[in-house]
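Novice: Sequence:
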Amino acid sequence: MGMSLLLSETKPLIHLREAMTVEHPLIRRERTNLKRIRENTQALQAAGQYPLQFQMPTGIQFELTGACNLRCKHCYNRSGDSDVQTRMKPEDWLALSRHIVENGGIFQCILSGGEPLLMGETLIKIMDILHEDNTGFVLISNGLLMNHSWIQKFRKYSFNWLQISIDDNIREKHDAFRGVTGSWDAAARAALGVSSAGIPLAIAHTITPDNLARLPEMVEFAYQLGAGSILCGETMVSGRAAKNEQILLNEEQRGAMFTMIETLQKHWGNKIIIRYSIPEGIQLQYKLDLPVSSIIVRPNGDVRLDCTLPFTIGNVLETPFTDIWRSKGIHSWENPKVRAYIQNLASGIINPDFINHVSRDRVL
11 MGMSLLLSET
21 KPLIHLREAM
31 TVEHPLIRRE
41 RTNLKRIREN
51 TQALQAAGQY
61 PLQFQMPTGI
71 QFELTGACNL
81 RCKHCYNRSG
91 DSDVQTRMKP
101 EDWLALSRHI
111 VENGGIFQCI
121 LSGGEPLLMG
131 ETLIKIMDIL
141 HEDNTGFVLI
151 SNGLLMNHSW
161 IQKFRKYSFN
171 WLQISIDDNI
181 REKHDAFRGV
191 TGSWDAAARA
201 ALGVSSAGIP
211 LAIAHTITPD
221 NLARLPEMVE
231 FAYQLGAGSI
241 LCGETMVSGR
251 AAKNEQILLN
261 EEQRGAMFTM
271 IETLQKHWGN
281 KIIIRYSIPE
291 GIQLQYKLDL
301 PVSSIIVRPN
311 GDVRLDCTLP
321 FTIGNVLETP
331 FTDIWRSKGI
341 HSWENPKVRA
351 YIQNLASGII
361 NPDFINHVSR
371 DRVL
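Residue numbers (the working numbering): 11 to 374.
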């Protein structure tokens, strides 16, 4: 198949990601792994050893702000754009954090934005509340503000990983991609500071037609920075990337990317874990039959199903989070609209009138 199919031909997307005619062995293995996880979970459920549903999510992502100090070409949620609302005030995030702890708590909180460090001391206060309840963290940052002072504050928390985004081993390429001169130097300095402080470091690396050939050098660079892992993946057709067709991989390039990742994994072994993003529809498809365990709270207070699923189920500024979760969140992925969207995404079908983080989210 060539370009992804459209549900409607009336408003074609500028360019759509091409679907692979022959699935790469790496993806086939990932499908097998996901299938095993699903089957094992269902077997445990049948034996009464795994919950059929969660009364609280095991993980929540806080998109703390819509503000950002970069203007990345690929930003999936258009952080920094003038129409990205930030209605949640610092006291709202603190109240939400306390509410979550008081109602059973969570295992993991992903802190993102926008750029979460723009929250200043509020970020530390949020983390303190959750940390006292033994919550683990993933922090996603561009590194521009992450100086020695920030890193020292972070040392007391339990991080699954702290993620710094670096999109090229060439300074000028990264800066052009992210829209701010000096952003590469800041990111590299932040990454080295994080790993030197003993905090688990992950480098997030977006693969484009321009930087694909330099992936081996990028993995080497991440290793030199002290990263325990590098998260590689192509751009989602979402947000700002939907208007930047030149950064999307075609079928041949995607196949080359997976082959390169496979080769690099064998070369590096356990020295650095090379992770990769499989097409979002595939992973979502296998989660359909599992209990919902995670959710996102956006800067405007909306509770969103997933970063790739443009559906909301309430707003924490209007309704307590636990009420939203227990009335809608637990069964949200059973909704026919959600299931249809995921199945279409897994098949390479994109509705040009319903683009993630371009079109308005749909309320369930």
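Do not rely on the hints blindly, as some may be mistaken.
[Claimed, not checked] Here are the simulated EDC-like cross-link-like pairs (lysine to aspartate or glutamate), alpha carbons at most 20 Å apart as the crow flies:
#1 K253 - D138
#2 K253 - D363
#3 K166 - D138
#4 K183 - D138
What the hints contain is simulated information worked out from the structure, not anything from laboratory work.
Novice: Quick one: which hint numbers does this structure break? Sort them smallest to largest.
Specialist: Failing hints, ascending: 1, 4.
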